[in-house]
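Sequence lines, in order, name chains A and B. For the first sequence, position 297 (counting from the first letter as 1) is numbered 305 according to our numbering, and the numbering increases by one without interruption. For the second sequence, position 9 (counting from the first letter as 1) is numbered 25 according to our numbering, and the numbering increases by one without interruption.
The set of hints was computed from the structure by calculation and includes no laboratory data. Think of the CB as a built atom: it goes at the ideal place given N, C-alpha and C, for glycine as much as any other residue. Errors might be hidden in some of the hints.
What the hints assert, rightly or not - In silico PhoX-like cross-links for lysine-lysine, where the CA-CA straight-line distance does not exceed 20 Å:
{"no.": "1", "chain 1": "B", "residue 1": "K25", "chain 2": "B", "residue 2": "K94"}
{"no.": "2", "chain 1": "A", "residue 1": "K163", "chain 2": "A", "residue 2": "K138"}
{"no.": "3", "chain 1": "A", "residue 1": "K122", "chain 2": "A", "residue 2": "K138"}
{"no.": "4", "chain 1": "B", "residue 1": "K94", "chain 2": "B", "residue 2": "K260"}
{"no.": "5", "chain 1": "A", "residue 1": "K64", "chain 2": "A", "residue 2": "K16"}
{"no.": "6", "chain 1": "A", "residue 1": "K16", "chain 2": "A", "residue 2": "K267"}
{"no.": "7", "chain 1": "A", "residue 1": "K138", "chain 2": "B", "residue 2": "K33"}
{"no.": "8", "chain 1": "A", "residue 1": "K267", "chain 2": "A", "residue 2": "K245"}
{"no.": "9", "chain 1": "B", "residue 1": "K94", "chain 2": "B", "residue 2": "K32"}
{"no.": "10", "chain 1": "B", "residue 1": "K264", "chain 2": "A", "residue 2": "K64"}
{"no.": "11", "chain 1": "B", "residue 1": "K32", "chain 2": "A", "residue 2": "K138"}
{"no.": "12", "chain 1": "A", "residue 1": "K64", "chain 2": "B", "residue 2": "K260"}
{"no.": "13", "chain 1": "A", "residue 1": "K242", "chain 2": "A", "residue 2": "K283"}
{"no.": "14", "chain 1": "A", "residue 1": "K267", "chain 2": "A", "residue 2": "K242"}
{"no.": "15", "chain 1": "A", "residue 1": "K188", "chain 2": "A", "residue 2": "K163"}
{"no.": "16", "chain 1": "A", "residue 1": "K193", "chain 2": "A", "residue 2": "K37"}
{"no.": "17", "chain 1": "B", "residue 1": "K264", "chain 2": "A", "residue 2": "K25"}
{"no.": "18", "chain 1": "A", "residue 1": "K138", "chain 2": "B", "residue 2": "K25"}
{"no.": "19", "chain 1": "B", "residue 1": "K94", "chain 2": "B", "residue 2": "K204"}
{"no.": "20", "chain 1": "A", "residue 1": "K221", "chain 2": "A", "residue 2": "K25"}
{"no.": "21", "chain 1": "A", "residue 1": "K122", "chain 2": "B", "residue 2": "K25"}
Claimed, not checked - Example chain B residues on the side facing chain A (calculated, C-beta under 10 Å, incomplete):
{"no.": "22", "residue": "L21"}
{"no.": "23", "residue": "K25"}
{"no.": "24", "residue": "L106"}
{"no.": "25", "residue": "S108"}
Residues per chain, in single letters:
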Amino acid sequence: MEASITFKAVGKAIGRKTLLADLSFGVEKGSTFVLIGENGSGKSMILKLLVGLIEKDTGSVYIHGQDISSRSLETRSMCGYMPQNINLDDDLTIFDNISIHGQLHGLTSAEARKNTLHWAELLGFTQFLKQSPYDQAFGLQRKILFARALVHDPKVLLLDEPTTGMDPHSRSTVWNILDKLHYDKTIIFATQNFTEAERYANRIAILHQGNIKMDGTLERLIETTHGLTNYRLKFSKEPPQEFMDQLEQFPRILRPRLKGLELEFYSRERQQFFKVLRLALEHDLADLDTSICRLRDLFIGLTEGGLE
Amino acid sequence: MNPLLPLFKRELLEFKKHVFPTVLFWVLMPIVIHTFLAIPLSRIITMDIRYLNWSAGGIWITAAGMTAFLQSASRMRKIQFESQQIDALLKSPISNLDLLIINIARGMMYGIGQFIVAILITSTLNNEYLSLSSILIISIQMFTLILHFSVVGTLIGMLVSNGIFFVNISFILFMGITMGFGNFIPLKYYPYSFLSVVNTIPTTAAFENVRSVILHNPFNWAGFFLTLFGTIFIGIITLIISHKIFRKI
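All chains, full assembly: derive it from the sequences and hints.
And the structure:
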């Protein structure tokens with residue numbers, strides 16, 4: 009597939025702190041690419057860099073074949089950006105906030121008006137258009153930001169934690185819209201919501217300390233765990249230290265961690281699990297739960313030093 | 017579409033929203049300066065012509081200059097430090113120069129409005145008649161001064177994030193315009209050492225030019241052009257600094 013966005017050895021540092029470290033990746037046209045990572049891992053930085061809000065120190069970035077440094081006006085007009093923070097203009101109405109933004113991206117007044125009304129209707133805030141955005145609830149302000157990002161019909165949509173602060177109904181509206189849009193737009197969104205990432209992404213990149221630790225389709229990422237399973241055992245009372253010491257003797261029980269009355273660990277071998285279960289039954293085991301490794305487990309493993 | 021058009025439209029929409037307080041401010045500012053500064057000083061300062069007529073130039077300069085400065089500086093501070101609106105603007109396909117031009121234009125729009133209201137008010141209060149040619153020449157001089165204060169305001173607004181510090185700078189500027197450049201107290205009252213410094217500043221001559229129209233004296237065109245070139249120079253510095261500040265963390 010044709011590349012929509014290409015990062016080549018991009019670096020960014022402030023003083024001695026490295027924010028992006030020799031970052032290289034590509035995103036195909038018409039795909040949905042998700043960046044997940046801890047706070048400060050560089051997710052928002054990547055999005056801001058793409059829309060020209062910050063400048064890279066080294067490397068090159070291309071959007072639809074155009075260098076964001078030398079053709080910044082063109083690349084910026086191709087992108088729609090929804091930031092994490094509310095940065096709406098409090099001196100303008102909701103309508104004018106969206107419409108002026110569209111006109112800044114080259115729409116005529118009539119086109120901007122038409123598109124503003126279209127998105128307001130789809131997102132359900134037509135009745136508030138004449139009001140100030142700062143008189144509205146946080147979730148609605150997020151929807152206004154979403155509409156503002158889409159008003160000029162951008163080829164690339166960059167969303168920073170798009171559904172944060174929205175109620176379930178609004179979330180579902182936003183995702184339904186994105187589902188329809190992803191056929192002709194490249195969508196990149198940063199999130200800490202693993203469920204949304206698993207549900208909507210064509211490709212997922214796990215970011216840690218300014219670099220991609222792993223990226224690929226969800227299936228590919230899960231495959232890398234080679235059938236690793238997550239086990240959670242719940243006890244009626246806290247198991248003794250002796251039990252934990254015994255657990256350490258099992259070489260194929262990975263990352264055993266006791267959180268209150270719940271013991272969590274990973275393993276690829278059922279036999280190992282059965283042995284732990286036998287031991288646990290001697291110490292007031294109340295319940296158990298097992299699941300195959302998901303994105304959350306992979307993320308925790310990768311960002312906390314590995315599952316192995 | 018030229019990006020300056022929607023940006024200018026945005027300024028007009030904001031003006032429309034705040035039209036009443038803005039006009040009230042335009043009316044009150046010259047009246048307050050006339051009442052609390054010009055009238056008391058008229059009891060102390062003696063000169064060949066009526067002091068209140070002479071000080072009208074100072075009222076136009078102070079009111080229009082401060083309005084232009086405060087509007088451009090506070091807008092720049094607001095988009096950059098108080099809200100994160102600058103991200104929405106810089107994300108758009110506009111250049112730093114576009115952003116600075118519109119901010120300066122905003123200062124000028126409010127400054128010119130203030131100047132028009134101030135000239136009407138002082139003419140009414142002083143029963144003063146100004147010919148069309150005098151108004152035209154005053155307007156040319158004032159246009160340069162308003163541009164100057166808008167550019168300085170944009171620069172200060174871009175650099176000063178601390179609110180208290182900004183208030184202090186505005187106060188110092190107000191005191192400087194009213195008391196330091198002969199707008200309300202003739203420069204002959206100041207010591208020679210002070211004059212030798214103040215006379216090297218081109219805006220002093222530009223201020224003097226405004227009063228010269230009232231006194232029917234010849235203008236110092238060198239002062240006018242030096243102020244204009246100085247303003248362009250500050251504008252270029254502002255643009256260079258904007259490249260060091262915008263799009264940086």
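Results of checking the hints against the structure:
no. : hint             : verdict
1   : B/K25 to B/K94   : 18 Å, holds
2   : A/K163 to A/K138 : 28 Å, violated
3   : A/K122 to A/K138 : 15 Å, holds
4   : B/K94 to B/K260  : 19 Å, holds
5   : A/K64 to A/K16   : 11 Å, holds
6   : A/K16 to A/K267  : 42 Å, violated
7   : A/K138 to B/K33  : 12 Å, holds
8   : A/K267 to A/K245 : 12 Å, holds
9   : B/K94 to B/K32   : 19 Å, holds
10  : B/K264 to A/K64  : 9 Å, holds
11  : B/K32 to A/K138  : 14 Å, holds
12  : A/K64 to B/K260  : 14 Å, holds
13  : A/K242 to A/K283 : 16 Å, holds
14  : A/K267 to A/K242 : 10 Å, holds
15  : A/K188 to A/K163 : 14 Å, holds
16  : A/K193 to A/K37  : 7 Å, holds
17  : B/K264 to A/K25  : 15 Å, holds
18  : A/K138 to B/K25  : 17 Å, holds
19  : B/K94 to B/K204  : 40 Å, violated
20  : A/K221 to A/K25  : 18 Å, holds
21  : A/K122 to B/K25  : 18 Å, holds
22  : L21              : 7 Å, holds
23  : K25              : 7 Å, holds
24  : L106             : 6 Å, holds
25  : S108             : 4 Å, holds
Hint compliance for this structure: hints 2, 6 and 19 are not met, and every other hint is.
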